[in-house]
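Heads up: the protein sequence lines correspond to chains A and B, in order.
Note that my numbering gives residue 242 to position 242 of the first sequence, counting from 1, and the numbers run on in steps of one.
Note that my numbering gives residue 96 to position 96 of the second sequence, counting from 1, and the numbers run on in steps of one.
There may be inaccurate statements among the hints.
[To be verified] Here are some, though not all, of the chain A residues that point toward chain B, as calculated from beta-carbon distances under 10 Å: (1) A212; (2) R252; (3) R294.
FYI, nobody ran anything at the bench for these hints, they're computed from the structure.
Virtual Cβ for every residue (Gly too), placed ideally from N, Cα, C.
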Amino acid sequence: MDQPADLRWFAVLRDILGGAHLWQPRDIPPGVDDALSRLGLSATIWLIDYEQIALRAMPRPGRDTPGPLPMDASPAGRAYLRVESLAGDGRWWVPIVDGTERLGVLELAGAGGETGFVERAELVAGLIGHLVATVTRRGGDIERVRRSRPMSTASELLWQLLPPLTASEPRAVVSAILQPCYEVGGDGFDYALDGDMMHLLVLDAAGRGLRAGLACAVALAAIRAVRRAGGGLSEQARAADAELAEQFPDTRFATAVLAELDLATGRVRYVNAGHPAPLVIRAGRVVGELTGGRRVPLGLPDEDDELGEVRLEHGDRLLLYTDGVTEARTPDGARFGPVRLAELTEQHAAAGRPAPETLRRLAHAVLEHQAGPPSDDATLMLVEWSAAAALATVPEADEEGDPS
Amino acid sequence: MTDAGLMVTAGESAEPVAVLVVAGEIDRDSVAVLAVAGREALGPRHDRLVLDLTGVTFCDSAGLSALLDLRKRAVARGGSVHLAGTRTEVLTVLQVTNLERLFPRHATVADAVTAALSGA
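The shape of chain A in the complex, shown without the other chains (with noise of 0.2 Å):
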């Protein structure tokens, strides 16, 4: 162990996380960019806008910003997509997660690329997530790095409540997607590593805009209050119901997924309120989906209290979705439909892909599909019960770093 470098690197953790109590959003650029100046290196913070498009560079004082970097053809492109470090244009690229959610790209001028540097550099772009995570509640600049559009209150509203779009833990990886992201209103998802159980939520609540979104709020809500409570699927459903029921004089409705996995055992239990049943997909191919425990969407009263059941074995993915992915349609008026959704889910989901690459080109496709602007909310959540894809979402630097 080079003690000597980690004693300078350590000083740069310090000196991050000794200033960030005081941080505003903006501070986060310079304060970095200062910190890593001891070792010889200039820092620019690139953060992944909203509808996953391009990275867009904070602001440092007295610097000119960079324009947007798209996705493709540019080394931090690929540096955020596969979530690996990599040299290019004669600077390093490191990913910034805020523990596996992809939230942008860590660019490193001047030195480095000695024995050790990109698993330092990984350290310092790990704790800079965290940071944009935290600090971002505090003031709205990071927000507007991020948007490229203002967001509809619906939109706002949604965006609070949801949790980050990729959580791991060495067993599974869930990863969601939402779009339009500047207009959503009515689809909403959730999801809590509880231990051994992964809990699931997809929703999509009835209309369109505020209206519909406010009833995805209540709905998401309730479910969450008693579940955080110890409370069961069923009880989280009629949850709902009672909310949904008392909040609105007229008839609210969200269709939706209730879902428990167990990560030890792989086995799924689930009520389906109304909602397009989610896939199951092994080796490439749809094997299962889930059409047991079915009652009527949530918001409206229901006697039914099956509960559906699966059991997934390990390397299978669960995809969860609202049907403004599989009704969305080409200009000749063709759906997009399950079928479609399930090839394109074998086509991008390659080995070692990160899930939420995976889904942000599904999405990307769906988008494409369709002919002009959505007509409705499309949400994807897709869930991998494998330590590799887990592994996956996670920046690990191997010995040998590429120093050209």
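With chain A's structure known, arrange chain B on it following the hints.
Just chain B now, with coordinates in the frame of chain A:
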């Protein structure tokens, strides 16, 4: 009543069953037409509603909400809502959302009225 995409007219009622003939697309832009007509039809002398959906080619979640509201209103008065001539497109939406069990369906308006009269 008419909206660009939806037309709702009164059919032949048989107290206490009101009949509405619906044609076009029920979506969030046109749904108010159905909602208003349905509320008016479920007046003091009618607590059961038959909707002739032979001419309905599309129904989205906003349309389902409106149907559910009408059902809630009818059921609160001891009545019901029956559907006649439901096309595949609409039936599919009802099936996927698991709502088909809430709305008895019949091939013809006459069948629907008979069923509604008998208190089904």
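Which numbered hints are broken by the structure, listed smallest first? Those not satisfied: there are none.
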